[in-house]
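Engineer: For reference, the chains in residue letters:
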Amino acid sequence: MSATTAGALAPKVAGSGSGDIPWNKHVRQKKTPGDWVVTIVIDVLLLLVVLAVLYPLWFVVIASFSNPNAVAAGNVTLLPKDVTFVGYEKVFSNNRIWQGYLNTIIYSVVGTAVNMAVTIPCAFALSRREFKPRRVIMFLFTVTMFIAGGLIPNYLLYKSLGINNTMWVFILPGAVSVYNVIVARSFFETSIPEELHDAAQIDGLSYFGYFFKIVLPLSAAILAVIGLYYFVGHWNDFMTGLIYITDDRKQPLQVVLQQLLLVAQGTGTNVNAAAQQQAADQIKFGIIIVSTLPLLVLYPFMQKYFNKGVMLGAVKG
Amino acid sequence: MAISTAHAARGRAAAMEPRRKRGILDRLADHFQRYWQLWLLCAPALFFVALFAYVPMWGIQLAFREFEPSKGLTGGTFVGFQYFLDFFHNPLFGEIMVNTIRISLWTLVMGFICPIILALLINQIGSKKVKGFVQTVTYMPHFISVVVIVSMLNIFLTPGSGIIGRFLGDESLMGSTSAITAVYWISEVWQHVGWNSIIYLAALAGVDTSLYEAAKIDGAGRLQLIRYVDFPAILPTCSILLIMNMGSVLNVGFDKIYLMQNALNMPATEVISTYTYKIGILNGQYSYSTAIGLFNTVINFLFLITANAIAKRVSDSSIF
Amino acid sequence: MARGRVRTIIAAAAAVATLIPLAACSSQEATTDENGKPIVNIMVRRNVTDHPMRDTQYTKDLEAACDCTIKWQEVSDNAWGQQKSAKMAASEFPDIGLSLFSMQDAAKYADYFDDFKPALDKMPNVKEFLDAQPGALKYVQEGDKIAMLPSDRGKGYEVSGTHMFINKTWLDKLGLQVPTTWDELETVLKAFKTEDPNGNGKADEIPMNIRSLGFGLWSPLTLMNSEGVVTAFMGGGASEQGYYVDNGTVKSYYTSDTLKDVIAYLHELLAQGLIPKDVLTRDASQYSAQTISDGKTALTGVSFGWSNYAEFGNTLGEEYITLPPLKKDASTPDSQVKWDYSQDAARWAYSGSGLSVNPKAANKDAIYKVINAMYSEKLSVAGYFGSIPDIVSDDGDHTYTINMEKAYAEYPDTRAVALQDRFGGWIRDDVTIVNDTNADQVTASDQAVREARDRVDPIKDVIPVYVRPDTEDTNTLQNNNTAISNYANNQLAKWVQSGGVENEWDDYVKKVSEPSLGLEENIKIWQKWYDEYTK
Numbered sequence: 001m002s003a004t005t006a007g008a009l010a011p012k013v014a015g016s017g018s019g020d021i022p023w024n025k026h027v028r029q030k031k032t033p034g035d036w037v038v039t040i041v042i043d044v045l046l047l048l049v050v051l052a053v054l055y056p057l058w059f060v061v062i063a064s065f066s067n068p069n070a071v072a073a074g075n076v077t078l079l080p081k082d083v084t085f086v087g088y089e090k091v092f093s094n095n096r097i098w099q100g101y102l103n104t105i106i107y108s109v110v111g112t113a114v115n116m117a118v119t120i121p122c123a124f125a126l127s128r129r130e131f132k133p134r135r136v137i138m139f140l141f142t143v144t145m146f147i148a149g150g151l152i153p154n155y156l157l158y159k160s161l162g163i164n165n166t167m168w169v170f171i172l173p174g175a176v177s178v179y180n181v182i183v184a185r186s187f188f189e190t191s192i193p194e195e196l197h198d199a200a201q202i203d204g205l206s207y208f209g210y211f212f213k214i215v216l217p218l219s220a221a222i223l224a225v226i227g228l229y230y231f232v233g234h235w236n237d238f239m240t241g242l243i244y245i246t247d248d249r250k251q252p253l254q255v256v257l258q259q260l261l262l263v264a265q266g267t268g269t270n271v272n273a274a275a276q277q278q279a280a281d282q283i284k285f286g287i288i289i290v291s292t293l294p295l296l297v298l299y300p301f302m303q304k305y306f307n308k309g310v311m312l313g314a315v316k317g
Numbered sequence: 001m002a003i004s005t006a007h008a009a010r011g012r013a014a015a016m017e018p019r020r021k022r023g024i025l026d027r028l029a030d031h032f033q034r035y036w037q038l039w040l041l042c043a044p045a046l047f048f049v050a051l052f053a054y055v056p057m058w059g060i061q062l063a064f065r066e067f068e069p070s071k072g073l074t075g076g077t078f079v080g081f082q083y084f085l086d087f088f089h090n091p092l093f094g095e096i097m098v099n100t101i102r103i104s105l106w107t108l109v110m111g112f113i114c115p116i117i118l119a120l121l122i123n124q125i126g127s128k129k130v131k132g133f134v135q136t137v138t139y140m141p142h143f144i145s146v147v148v149i150v151s152m153l154n155i156f157l158t159p160g161s162g163i164i165g166r167f168l169g170d171e172s173l174m175g176s177t178s179a180i181t182a183v184y185w186i187s188e189v190w191q192h193v194g195w196n197s198i199i200y201l202a203a204l205a206g207v208d209t210s211l212y213e214a215a216k217i218d219g220a221g222r223l224q225l226i227r228y229v230d231f232p233a234i235l236p237t238c239s240i241l242l243i244m245n246m247g248s249v250l251n252v253g254f255d256k257i258y259l260m261q262n263a264l265n266m267p268a269t270e271v272i273s274t275y276t277y278k279i280g281i282l283n284g285q286y287s288y289s290t291a292i293g294l295f296n297t298v299i300n301f302l303f304l305i306t307a308n309a310i311a312k313r314v315s316d317s318s319i320f
Numbered sequence: 001m002a003r004g005r006v007r008t009i010i011a012a013a014a015a016v017a018t019l020i021p022l023a024a025c026s027s028q029e030a031t032t033d034e035n036g037k038p039i040v041n042i043m044v045r046r047n048v049t050d051h052p053m054r055d056t057q058y059t060k061d062l063e064a065a066c067d068c069t070i071k072w073q074e075v076s077d078n079a080w081g082q083q084k085s086a087k088m089a090a091s092e093f094p095d096i097g098l099s100l101f102s103m104q105d106a107a108k109y110a111d112y113f114d115d116f117k118p119a120l121d122k123m124p125n126v127k128e129f130l131d132a133q134p135g136a137l138k139y140v141q142e143g144d145k146i147a148m149l150p151s152d153r154g155k156g157y158e159v160s161g162t163h164m165f166i167n168k169t170w171l172d173k174l175g176l177q178v179p180t181t182w183d184e185l186e187t188v189l190k191a192f193k194t195e196d197p198n199g200n201g202k203a204d205e206i207p208m209n210i211r212s213l214g215f216g217l218w219s220p221l222t223l224m225n226s227e228g229v230v231t232a233f234m235g236g237g238a239s240e241q242g243y244y245v246d247n248g249t250v251k252s253y254y255t256s257d258t259l260k261d262v263i264a265y266l267h268e269l270l271a272q273g274l275i276p277k278d279v280l281t282r283d284a285s286q287y288s289a290q291t292i293s294d295g296k297t298a299l300t301g302v303s304f305g306w307s308n309y310a311e312f313g314n315t316l317g318e319e320y321i322t323l324p325p326l327k328k329d330a331s332t333p334d335s336q337v338k339w340d341y342s343q344d345a346a347r348w349a350y351s352g353s354g355l356s357v358n359p360k361a362a363n364k365d366a367i368y369k370v371i372n373a374m375y376s377e378k379l380s381v382a383g384y385f386g387s388i389p390d391i392v393s394d395d396g397d398h399t400y401t402i403n404m405e406k407a408y409a410e411y412p413d414t415r416a417v418a419l420q421d422r423f424g425g426w427i428r429d430d431v432t433i434v435n436d437t438n439a440d441q442v443t444a445s446d447q448a449v450r451e452a453r454d455r456v457d458p459i460k461d462v463i464p465v466y467v468r469p470d471t472e473d474t475n476t477l478q479n480n481n482t483a484i485s486n487y488a489n490n491q492l493a494k495w496v497q498s499g500g501v502e503n504e505w506d507d508y509v510k511k512v513s514e515p516s517l518g519l520e521e522n523i524k525i526w527q528k529w530y531d532e533y534t535k
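Residue numbers (UniProt numbering), protein chains in the order written: chain Y, 1 to 317; chain S, 1 to 320; chain C, 1 to 535.
Calculated directly from the structure, the hints in this document are not laboratory data. No residue lacks a Cβ here, since even glycine has one placed at the ideal position from N, Cα and C. The reader is advised that the hints may include incorrect statements.
What the hints assert, rightly or not - Just the calculated beta-carbon pair ranges, DEER-fashion:
id, chain 1, residue 1, chain 2, residue 2, range
1, C, K460, S, T77, 37 to 43 Å
2, S, L105, C, E195, 47 to 53 Å
3, S, L105, Y, A117, 35 to 41 Å
4, C, K190, Y, V83, 48 to 54 Å
5, S, I164, C, D172, 16 to 22 Å
Unchecked claim - Think about it this way: if two alpha-carbon atoms lie no more than 27 Å apart in a straight line, the pair counts; the simulated DSSO-like pairs of lysine-lysine are:
id, chain 1, residue 1, chain 2, residue 2
6, C, K510, S, K278
7, Y, K304, S, K131
8, C, K277, S, K256
9, C, K360, C, K60
10, S, K129, Y, K304
11, Y, K159, C, K360
12, Y, K81, C, K202
13, C, K364, S, K71
14, C, K84, Y, K159
15, C, K84, S, K278
16, C, K277, C, K296
17, C, K71, C, K251
18, S, K131, S, K256
19, Y, K81, C, K277
20, Y, K250, Y, K159
21, C, K145, C, K524
22, C, K168, C, K193
23, Y, K90, C, K296
24, C, K406, C, K60
25, C, K524, C, K460
Same shape as in the complex, but just chain Y (with noise of 0.2 Å):
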């Protein structure tokens, strides 16, 4: 790709207003036939890639009603098999999934709460060009990206901030993603439009008012993608409580929902094997179902936020 066009264009777009459309002079005046072209190859496209992604995920559902044996078996293909809701008895039976969803729930909410209200302002701040320390502090968070010191350190450092087996190790070690640090910088940067700052001064706003009363408003299509990005890991997040919880009733719905498909390993020689193996099957796809349902839901009232074409009209105005 040509990063220059991104380097010439990219600021054009972002801070038009003027007539100047520099694609002008290259586009012909009448529409082609070629166009109806393009729109079905682009039609065709979405079909077959919505159809590759539909069939799993029909096979999920399905599965998750079949036998089981039927489905490892390759009978289940279009419409589910010995159509069985054990495995959804044996879930939804077990009095910890509530307590489990509850969980995932309250870490979920909090932690992105935090996880926003510690990565948004640095975030801005870190866009402002004039401030000179960015880059060293950019360098020093991207370091961490790739350097860690790994589980034991880790679980010497919570112990000994007494967070081990709390709420809290869900939701303080990974209050800042760098990766989400770097997108909503990344979008400041670009999308927001530096005339604003202009004004903002004008107007005599300090960097709190412009951050508050300008940027924050003009971004929501950003503040729900990294939200999103927190509250799916944080409703995903499995190894934490894997690791660092000792108490089941404290346990989130991940942990939950892998010890009972987890039922089934033994160590062979005193479990009828075979039969465990099908009790896990039996509830490997009700699991996907399960855990992911409400976040489904979430997602269409996200994708509002998405739609919401506000920087560049606000420019305008």
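With chain Y's structure known, arrange chains S and C on it following the hints.
Structural biologist: This is chains S and C only, laid out in the frame that chain Y set:
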């Protein structure tokens, strides 16, 4: 609470221009006076990164020491680069590196391009309902656990009965050293393409609709709209993500490839992460596995720094 | 300027304030309860979805014996696998650990494993046990120190971990004899494939099914015993890494002609469709779908497993018998045919087992009392099978009966209501357990292989499970084995899949013996430790 504004600060900066050579303390004070709000905004993040990322880094010295539990985590004898040399001289070293790079490059490149294409495609959908539907559907696979993904691969690829396997003779692709890379990256792209396109869709949402209108009036075709309006809008995001991707050249996620391994495909599926697991967790050689991990991250970091430097030269999007 | 500086300082101070670490508040855990009784913490690796141990009569009985309060902590296999290294490094060792650590851990973290030897006088039950089971004692000794306590689940489990099953119903239906040689087996398998023995009119029979090709439980490589190369595929010993002993000399399966024969034979079967072609790429779900089938119509002719009921389910299991160890061909003398020698491991050295005590624990006397009680006859039974009298009844005369309805409500064994194989205890040989279906079934499955197994010399023919190299040698062995198996296992799989073993074997042997892979070094290491332990 604050009266100080950048504007005022700028004015003062201009006023101070003549006496540039001031003491470092003065300059620091001036800096903080101007930017203390920015410092405050990133202070919590700095704190968390310092505490939870930098403090545990003392554990890295394990890579240079023999692990002796009785003397604490890092109390063992210093052995320098011995564990690194062990790894380089390992008969599997070449195979592991080649596998890691092959699998990760495929996944990286395809996993980078496909979400961009998908986002551009989705953005072309006129109907809001259809758009929402496609977005939701493509995003869902992200939530399927790796265990289930690998079971589905096994079932779909089963010779004779699998919906793909029935067309492919009587041996499963899962056992083929030549096909396993493709099985890996295709399933990886399938699972994450929708999720990874979200960020681009958000960027596309920011495109001023009047640009489209203006372009249409000027007679731009559909393809031109994509090329000259949509594409530039996501380019900055693309380059940032590409740089970050470059930093994972040696990363092949552990779980999935480990579950996909079998005796037949092993020469193509043993990668750094699975080898580290076997050495570190299964065999309990923490020093050795820490050293391999460190080697891995150093290479990755070099790639990232290079990518960043290039990006900085040719465009203005870079990470640091 | 002055005001600016003040503001700067305030801002800087605010920034620093947020950097002050969170106050740590991990209080020391209490060592006595509110009544002043000592507290003993026991951690056990177990399914956390099962009935919690703290609610059981077993725990009350233990508490009565030690006059202390027991606090259980149960951790799943999966979680423990993740936590273990961190907890050990953080020196978090429970007072009593059940099934948490291996002897390798005990060697590495010697300071955190109590020596039971001086305490044996306080634990007469344990002393009696170790005197009765010297092999078990060897397994847990680290030099002179007894670093862990093994458990013995009784003679009901003195069985091979692996058995080869054949569908007797099919044989009878087709009028065939139980095969005794590899060739006869092949003939039978062909008949299974073509003559529709399950009678459903479809050619859906799988004449022979295998899980994988490793040196481990339920591997078809146990066929090596047909030529007198003994396996012991359980308990994590030398055999599972690919080493055996031939009259005192350590060798590797990897370079033995017997392995070549087995691989060639398996390929012959696979090439004719007698073993499914995708067998080496399937996962466990797909395998058990074929063995258990729909629970009514059997699909599988021959396979390897623990007991026929465990392998094929409770209904279909009826159709299967254990195949007595096959001869390679009719000329093979009976005396040469052996079988998988894993009964020691099945009985007391199953993976990751053992009871450990933290030497820094607060209430050592109470701990020893708890352990002594655990190894008493009655509480050993209760620990393994379920509390007395809630689930198991004590019928007197060393006979105990498991209440089927209560104990087997959720699982085919008593896993949900008791510690099962994660227990600490000793089921004595004179104890009779009624209704231990798992033991009854596997013992029945084991009858057919006993004769062949009895021909195995426990020292000359196998490297006993208690032979344990030290930490440094273990690391070398493991690193070499990772490289060896990466190359060799793939070769074996390829040959089974596509053939060619006859032509390529010599090249392979040359390559696998190259010093860089370390096979020779490993053999030397095992020889050294084998000699050390068996002299």
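Engineer: Each hint needs a verdict: does it hold in this structure or not?
Structural biologist: Hints, one by one, checked against the model:
Taken as a hint, the range 37 to 43 Å holds for the pair K460/C and T77/S, whose Cβ atoms sit roughly 40 Å apart. A hinted range of 47 to 53 Å for the beta carbons of L105/S and E195/C is consistent with their spacing of about 52 Å. Between L105/S and A117/Y the Cβ separation comes to about 37 Å, which falls inside the hinted range of 35 to 41 Å. Take K190/C and V83/Y: their Cβ atoms lie about 38 Å apart, and the range 48 to 54 Å is violated.
Under the hint 16 to 22 Å, the C-beta atoms of I164/S and D172/C, about 40 Å apart, miss the expected range. About 26 Å separates the Cα atoms of K510/C and K278/S, which keeps this hinted pair within 27 Å; it holds. Taken as a hint, the K304/Y and K131/S pair is honoured in the structure, with Cα atoms around 11 Å apart against an allowance of 27 Å. In summary, the hint linking K277/C to K256/S is supported, as the alpha carbons are separated by about 24 Å, within the 27 Å threshold.
For the proposed pair K360/C and K60/C, the alpha carbon gap of about 25 Å is at most 27 Å, so the pair holds. Annotation: proposed proximity of K129/S to K304/Y holds, straight-line Cα distance about 11 Å (limit 27 Å). At most 27 Å may separate the alpha-carbon atoms for a hinted pair to count; K159/Y and K360/C meet this at roughly 19 Å. For the suggested pair K81/Y and K202/C, the alpha carbons sit about 19 Å apart, so the restraint of at most 27 Å is met.
Straight-line distance between C-alpha atoms of K364/C and K71/S comes to about 24 Å, which keeps the hinted pair within the 27 Å bound. Simply put, K84/C and K159/Y have alpha-carbon atoms about 15 Å apart, close enough for the 27 Å limit, and the pair holds. For the proposed pair K84/C and K278/S, the alpha carbon gap of about 15 Å is at most 27 Å, so the pair holds. With a C-alpha separation of about 25 Å, the suggested pair K277/C and K296/C falls inside the 27 Å cut-off, and the hint holds.
A C-alpha spacing of about 47 Å is found between K71/C and K251/C, which places the hinted pair above 27 Å, so the restraint is violated. Using a Cα cut-off of 27 Å, the hinted pair K131/S and K256/S is violated, with the two alpha carbons roughly 31 Å apart. Proximity of K81/Y to K277/C is assessed by CA-CA distance (about 25 Å); at most 27 Å being required, the pair is judged to hold. This hinted pair checks out: K250/Y and K159/Y have alpha carbons roughly 17 Å apart, not beyond 27 Å.
Taken as a hint, the K145/C and K524/C pair is honoured in the structure, with Cα atoms around 26 Å apart against an allowance of 27 Å. For the hint linking K168/C to K193/C, the alpha-carbon distance of about 15 Å falls within 27 Å, and the restraint holds. Only pairs whose Cα atoms come within 27 Å are accepted, and K90/Y paired with K296/C is accepted, the gap being roughly 24 Å. Among the hinted pairs, K406/C with K60/C is consistent with the structure: their alpha-carbon atoms are about 19 Å apart, no more than 27 Å.
Distance restraint check for K524/C and K460/C: the Cα-Cα separation of roughly 17 Å lies within the 27 Å cut-off, and the hinted pair is therefore satisfied.
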